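Residue numbers (my numbering), protein chains in the order written: chain A, 1 to 261; chain B, 1 to 261; chain C, 1 to 310; chain D, 1 to 310.
Be aware that a few hints might be false.
[To be verified] Which chain C residues stay away from chain D? Per the calculated CB distances, all over 12 angstroms, these:
id, residue
1, Asp-73
2, Ala-201
3, Asp-235
[Said to hold, decoys possible] Taking CB as the label site, the calculated pair distances span:
id, chain 1, residue 1, chain 2, residue 2, range
4, B, Arg-9, C, Ala-284, 26 to 32 angstroms
5, B, Thr-79, A, Asp-169, 52 to 58 angstroms
6, B, Thr-129, C, Ala-28, 39 to 45 angstroms
It is worth saying that the hints were derived from the structure and are not from the lab.
Owing to the predicted nature of the structure, the values given are computational and were not obtained by experimental measurement.
Glycine residues also receive a C-beta, built at the ideal position from the N, C-alpha and C atoms.
So the chains spell out like this:
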Amino acid sequence: MSTTQLRRREGEVVANRPLGAYRQLSVVLPALGVPARPGQFVVAPPARADQVLPRTWWVSGEHTEAGFGSTLELVVPDTGVLPAAGEGLALTGPVGRGFGLPTTPVTAVVAAHGVAGAAGRWLGERLRTAGCTVHLVSVADDPEQHVDLVRARRGADGVHLTDLRGSEDTVAALAGSTGASVLYAVGPVDLSATVARVAAALAVVSQVTGLEAGASGLCGYGLCGTCDLPLVTGRRRGTRVRPCVDGPVLRGDLVDWAGHP
Amino acid sequence: MSTTQLRRREGEVVANRPLGAYRQLSVVLPALGVPARPGQFVVAPPARADQVLPRTWWVSGEHTEAGFGSTLELVVPDTGVLPAAGEGLALTGPVGRGFGLPTTPVTAVVAAHGVAGAAGRWLGERLRTAGCTVHLVSVADDPEQHVDLVRARRGADGVHLTDLRGSEDTVAALAGSTGASVLYAVGPVDLSATVARVAAALAVVSQVTGLEAGASGLCGYGLCGTCDLPLVTGRRRGTRVRPCVDGPVLRGDLVDWAGHP
Amino acid sequence: MSTWVPRVTPAAGCAGSGRELARFGDLAVLDAVLLGPVGLPGGAAPRSTLAPSPSGLVHRQAPVLPVDHVVDDLLPWFRARGLRVVCAVRGSTVGAVSDTLQRLRRSLDFATVVGVEIDLAAGREETRPAIGGLTSADPVGSWSADPQACLKLLAAARERLPRDLLLQAKLGGECPQPVAAARAAVGGGARALVLSGAVPALTADQFLVGPAVAPVTLGLVTTLRAAIAAGRVPDVPLVAVGGLHDRAGALAAHSAGAAGIQVGSGILSDPETLWRVHDALADAPPPTRDATAHRTGATTPDEAGDHDGH
Amino acid sequence: MSTWVPRVTPAAGCAGSGRELARFGDLAVLDAVLLGPVGLPGGAAPRSTLAPSPSGLVHRQAPVLPVDHVVDDLLPWFRARGLRVVCAVRGSTVGAVSDTLQRLRRSLDFATVVGVEIDLAAGREETRPAIGGLTSADPVGSWSADPQACLKLLAAARERLPRDLLLQAKLGGECPQPVAAARAAVGGGARALVLSGAVPALTADQFLVGPAVAPVTLGLVTTLRAAIAAGRVPDVPLVAVGGLHDRAGALAAHSAGAAGIQVGSGILSDPETLWRVHDALADAPPPTRDATAHRTGATTPDEAGDHDGH
Ligand SMILES: Cc1cc2nc3c(=O)[nH]c(=O)nc-3n(C[C@H](O)[C@H](O)[C@H](O)COP(=O)(O)OP(=O)(O)OC[C@H]3O[C@@H](n4cnc5c(N)ncnc54)[C@H](O)[C@@H]3O)c2cc1C
Ligand SMILES: Cc1cc2nc3c(=O)[nH]c(=O)nc-3n(C[C@H](O)[C@H](O)[C@H](O)COP(=O)(O)OP(=O)(O)OC[C@H]3O[C@@H](n4cnc5c(N)ncnc54)[C@H](O)[C@@H]3O)c2cc1C
Ligand SMILES: Cc1cc2nc3c(=O)[nH]c(=O)nc-3n(C[C@H](O)[C@H](O)[C@H](O)COP(=O)(O)O)c2cc1C
Ligand SMILES: Cc1cc2nc3c(=O)[nH]c(=O)nc-3n(C[C@H](O)[C@H](O)[C@H](O)COP(=O)(O)O)c2cc1C
Ligand code: FES
Ligand code: FES
């Protein structure tokens, strides 16, 4: 782990728009040193005076303009305590290791859950730009909670809707029928476990998130230990990995998913 | 005590202006049944999510326009968590018994502390309208904390500045030299005790507030018992009076001020 | 027969004399109004104090409503309106509590009293012989710190009260061994336990209350439910108090096994909180565990026949 | 000679391995970094959990950093950067704690350790003979619930450590009799007391922490200061932890008599809180009471000569 400084920086919300069941925030920060990647997240201060934990949000887009700064797109739960356009917002990040892209064009399946669908869609767009064939699986507990399917369909070779319960079958069938050589998952740890298991069964690569940005009970700073996952191999620190520092993107075959879902 | 309903009502802040060290809020409510009186206060919900107790604020002016509603003037501490003009604000009140006015024109001394100066000034104006001669004593711990002396001077026959320590001497000298037949006090209980003692020494009437609106640790609803004061006579309920219900204005000679200041 | 406990009442020390509270809503919709603390005058601080803290309040125990005032002025007021009252009683000796109960029971309006709550978080005093054959009273911590003392106090209270009158014991975050104290209180004659998340804070005699302590309250309910399930405490209904100020909090306590809920500082935040919590529980299902034994309102005192008051 | 305690450190369980924290500020400005809990692997829940509550968090005790990992990877990292470390140690038996300390002390980098903290809020296990001559370990509540156990544990720890190394005992809201436990811990060999406002909540092994509990923390400091003044507990510096997350809170604890402060969940809110609290105390006057005895930094380990590590 590097000890690069990771300081909160003052940003400005330039847009706060409804996006289905969610809100889409655009936040301008001083220009990022390295471009943001799908799979990264940001940490925002607690929403209210009676809250202790900060909020974690997936990054779902970024563009940097010389002399203007970097604009982060954040699709976030509509909790009713979000800053309005024009207001300031301090953010830490983008934090963590994002998804790795294959160097050769392959077929990929990207499964994303609920609000993480926007990050999944961004990953899909990146994969397509790299020449890959991309199938998105949008997982939601409720039909209202799929993110922006119109844009998702534009940026992928296929979009498939399911719920958490049906995700295993959907991803397995799709991976099998398309001959995908990599499976990605963004969202809750249960989804990651499911996708990693499907990948193992099919003997393909998986990259999955080890932490669910937006979930409650997380610090996102690497300090609380709540996100820790056990590793399959016993070599690394106490055989555990701390996804908000060492991830959030992890190779699916490295983690011991016992107990998930 | 009557059990008239006392419900919170939704108001709208129509102005929020700086006034020296304080803020002046104008809040429009549905028309009041009876006009507000100096000495009354309102109760506003807690300012922040991590606060439990509501806020109490002195009323410092009121006017009712048929078909429009009642506008309350509130001069309040500048705590930085006040609603802006245009925002809603739920208020309970005006609560409690205000100051009684003499039926014949007499000379009155009105001592008020800090933010309560605005309520004292309003009382002074009422007394002048009733034909009285009025001397205001503005008490503040810090010269910055006198309220709107320009307007105070316009509405009184004299304005005298002092601090809590000097208030006894100032009120006593003024009451003696002007031959005042009634002394009023608005503000902290210590000021009330001081004024009541001066009145007793001079054998004149005093009306004083038994609770300090704006102080922390009060409910204002008559439920917590924090504002209780012992009575001199032992006849009323447990020999105590609950100023936020039975006051806040009390006859100074009824209260046992031992321990104040 | 299952014990009836009122579903939602104000908490002790948070409802004035009851009359102030009547300004904010209809007391008749409540199963009962909690009145108190009632006791013999003197002793406590001259008034309650409140220090705000993050999502909480630190309160100092309020002085009691003198029992004579309660008998002369308050019970008649409640009775005239057909309201049911639970009297919360505080005393630092068995004698003070017995005396208070005796005077309450002699009231012509005692029929309006449907329950009595004994405060075990209150300070206890022990009398011991002092110079010259006189006795002196020394503070020895809370009642709840000594299970034996809890048993004695509840037994003395039980003796003063009609056989079928609800007698509940209140203890909480100040109690070193809640299970032992609860067992003793029920052994002495308590028919319900009021579990309070209030925790000692700042200085002696001060308690942290409010939303901040809700997890402590839920912890006590969970602990006592488990102790009841394990047969370590007799099966009595639990009443939860401490930070339960909204629908979610009330339902959480309810499903952790609380048959009743009291609202304390939430009433100070906004008096209408009491009625909102009442409405939240009004159509909640019976507590999940031991549901049959604790269905609230299963037998109200009316249905069971009025107790043999005074 | 007055005992040195670091003025501001992170609290146990809230600073990762120390390295994560280094991303948010310069650890070298702190008197010391607290690392831990350190212990023998196994036993605890697989990971910490956090449940948000009003102005607080309910945490479940984190698994320990395995002592071998600390010795092999972490102490060298701290030493390479010239950072001072206080190791917070947790164990459920005297043997587990002694063993952990033994291994720490054998580390080639033990010179970087300027203090050891023993967690008395942790669960204690008692071994007893079981079938077939084997022994079984049963949980018997926290160490701090049993003053005798505190004394034994601290005495065992003291024995494993260099004579002049800071040894501090941590106890708090879980402790039924803080004064008795504190006296026992100091009797056993603790040279400072860490007083934590964390209170048991929700279920066994869970604790309410955060700004919500600040008044409980201040209450413990006040109680122990009074006990020290009354001669009921030997005169040692107090370190306060629990909801002290801003300048005002830190100064309040300081003037109630805390020589040091730890920041826990405040670091999770915003890691820079740690440095803000550090700066707030940097130019605070020495604690108001017993100022001479507890002036923080009066003698740092360096001034006193490095202790005889490993
Ligand atoms: C489907 C697929 C096919 C690929 N094919 C090729 C190929 O043909 N030739 C080739 O050279 N490379 C191949 N790669 C590797 C790929 O090129 C690299 O991921 C790419 O170089 C991205 O590097 P990076 O700097 O963006 O990512 P890095 O930041 O270097 O990380 C790469 C990825 O590895 C994973 N990772 C790294 N460290 C850890 C850790 N500690 N724990 C868990 N996971 C970790 C993370 O998921 C991370 O996204 C392939 C990758 C994929 C997913
Ligand atoms: C200086 C002075 C001179 C007066 N001279 C006369 C006079 O010459 N002739 C005459 O008829 N009246 C006189 N009064 C009484 C005065 O007229 C009445 O206060 C007036 O009628 C106001 O009545 P109200 O309905 O506005 O107030 P009310 O609401 O009736 O209350 C009157 C005042 O009495 C006090 N008060 C009432 N109940 C309590 C209580 N429970 N505890 C403590 N204080 C209580 C309060 O301060 C309240 O403001 C005098 C009053 C003052 C102050
Ligand atoms: C101002 C005040 C006074 C109180 N006085 C008493 C009392 O005299 N006796 C008692 O048993 N509890 C007393 N309490 C505690 C409450 O009854 C209740 O147990 C506690 O406040 C927790 O509930 P809450 O979080 O809803 O406030 C008092 C609480 C407050 C806020
Ligand atoms: C995630 C987390 C894990 C913790 N783990 C431990 C622990 O293992 N040992 C310990 O003594 N205290 C532990 N604590 C308690 C803290 O050290 C501290 O005493 C408590 O949080 C109160 O301080 P605070 O209010 O500043 O958070 C933990 C706290 C948190 C938030
Ligand atoms: S979320 Fe706190 S350590 Fe990862
Ligand atoms: S302020 Fe609460 S009773 Fe008066």
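Next item on the list: List, from low to high, the hint numbers that the structure doesn't satisfy.
Entry: 2
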